[in-house]
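Student: Sequence:
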Amino acid sequence: MSDVTLTVAGETPYDVIIDRNVLNRAVTLLREDVQRVLIVHAAAVVDYVEALREALHERDISVLLYPVPDGEAAKTIDVAAAAWSVMGEAEFTRSDAVIAVGGGAVTDVGGFIAATWLRGVQVVQVSTTLLGMVDAAVGGKTGINTGEGKNLVGSFHLPAGVVCDIETLRTLPAEDVRAGLAEAIKCGFIADPEILRLVEEHPQQALDVESDVLVEIVRRAVTVKADVVGQDLKESGLREILNYGHTFAHAIELVENYSWRHGDAVAVGCVFVAELAHRAGHLSREDLDRHRRVFQLVGLPITYNGAKFEELLTAMRRDKKTRGTMLRFVVLDEVGRPTRLEGPSQELLRSSYEAISS
55 MSDVTLTVAG ETPYDVIIDR NVLNRAVTLL REDVQRVLIV HAAAVVDYVE
105 ALREALHERD ISVLLYPVPD GEAAKTIDVA AAAWSVMGEA EFTRSDAVIA
155 VGGGAVTDVG GFIAATWLRG VQVVQVSTTL LGMVDAAVGG KTGINTGEGK
205 NLVGSFHLPA GVVCDIETLR TLPAEDVRAG LAEAIKCGFI ADPEILRLVE
255 EHPQQALDVE SDVLVEIVRR AVTVKADVVG QDLKESGLRE ILNYGHTFAH
305 AIELVENYSW RHGDAVAVGC VFVAELAHRA GHLSREDLDR HRRVFQLVGL
355 PITYNGAKFE ELLTAMRRDK KTRGTMLRFV VLDEVGRPTR LEGPSQELLR
405 SSYEAISS
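The opening residue of the sequence shown carries number 55 in the working numbering; numbering runs sequentially from there.
These are computed hints drawn from the structure, not numbers from a lab. A virtual CB, placed ideally from N, CA and C, is assigned to each residue, including glycine. Some clues are possibly wrong.
[As the list claims (entries may be wrong)] Simulated DEER-style distance windows between Cβ atoms:
hint: 1; residue 1: A63; residue 2: S149; range: 24 to 30 Å
hint: 2; residue 1: E340; residue 2: G64; range: 33 to 39 Å
hint: 3; residue 1: D101; residue 2: E401; range: 49 to 55 Å
[Unchecked claim] DMTMM-like mimics (lysine to aspartate or glutamate), calculated; alpha carbons at most 20 Å apart, straight line:
hint: 4; residue 1: K362; residue 2: E310
hint: 5; residue 1: K362; residue 2: E408
hint: 6; residue 1: K362; residue 2: E202
hint: 7; residue 1: K362; residue 2: E401
Produce the entire structure from the sequences given, and follow the hints as far as they go.
Tutor: Here it is in structure tokens:
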């Protein structure tokens, strides 16, 4: 694989590096005057963290390691507050930095810690999961969860750069590779149908971390996200399309107490919103069926019946796209043509849920 560097445009452009064996490129993304680095990381990536620590020591940079719990358990105010204490004791200044190493939850909370310390210090995101590479690490969104919902507290804080080392996917469980692919497929539906073609024609290679097919899917999905966030950092309009399927997905995650993998929930969420769009007269039956087929080809779930409709409706009303009491959904007129559906009736929502829960 040849080195792929994508630039995310905007007021403060930054690079996303996609390649194999590029972990230590994270160090080169730091400013020259950095003296201290807090590495926020998951326990499972300790080998990568040690490699980074050695590279940082070669630049005479002091390193503090801050392990966080697995998954969504990392995204709490208590985890962030403990990191602030560590940084305070180490006398972290605005010229110091955070490197977040791990999956989407780690880059979310690591970015939040960086965004809130001294009102913002430099952060480099090193994504070691497929989900993180194609979604969480790129775009400058940071956040933590509350008891009322996912990502309700957070900040936009652009990274100094993002490193996607494809080699790190070798240690990822197959279930996590599959779940991460859901976000890439989402990018296919909203903007790049070539991703869908790759999955449809090469479903096994799409799940193989050593295949060029998966690498191409990653590159295309990151390109979609980079193009969107480069035009709309703070989700004032266009960026909302990246939340395709997420309103229902976040509702599943909340009622299931985050026991579902995010990508699994997104797959179901995309099928739900495709049903909604079809019933509202936006999406053809053919494109609706394609949603089910593509996700099923790689073993992702397309149904959910674990909670009552009313419980899910309450959770969806807490979605960030909601305005007042009016629910707003990103839907498709056709593949690659997203639009918005505002204020669908409760009956329409209920019938869409019944279609994916039977």
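Student: With reference to the structure, classify each hint as holding or not holding.
Tutor: Structure-based check of each hint:
{"no.": "1", "hint": "A63 - S149: 24 to 30 Å", "verdict": "holds (26 Å)"}
{"no.": "2", "hint": "E340 - G64: 33 to 39 Å", "verdict": "holds (37 Å)"}
{"no.": "3", "hint": "D101 - E401: 49 to 55 Å", "verdict": "holds (53 Å)"}
{"no.": "4", "hint": "K362 - E310", "verdict": "holds (12 Å)"}
{"no.": "5", "hint": "K362 - E408", "verdict": "holds (10 Å)"}
{"no.": "6", "hint": "K362 - E202", "verdict": "holds (18 Å)"}
{"no.": "7", "hint": "K362 - E401", "verdict": "holds (14 Å)"}
Of the numbered hints given earlier, the model fails none.
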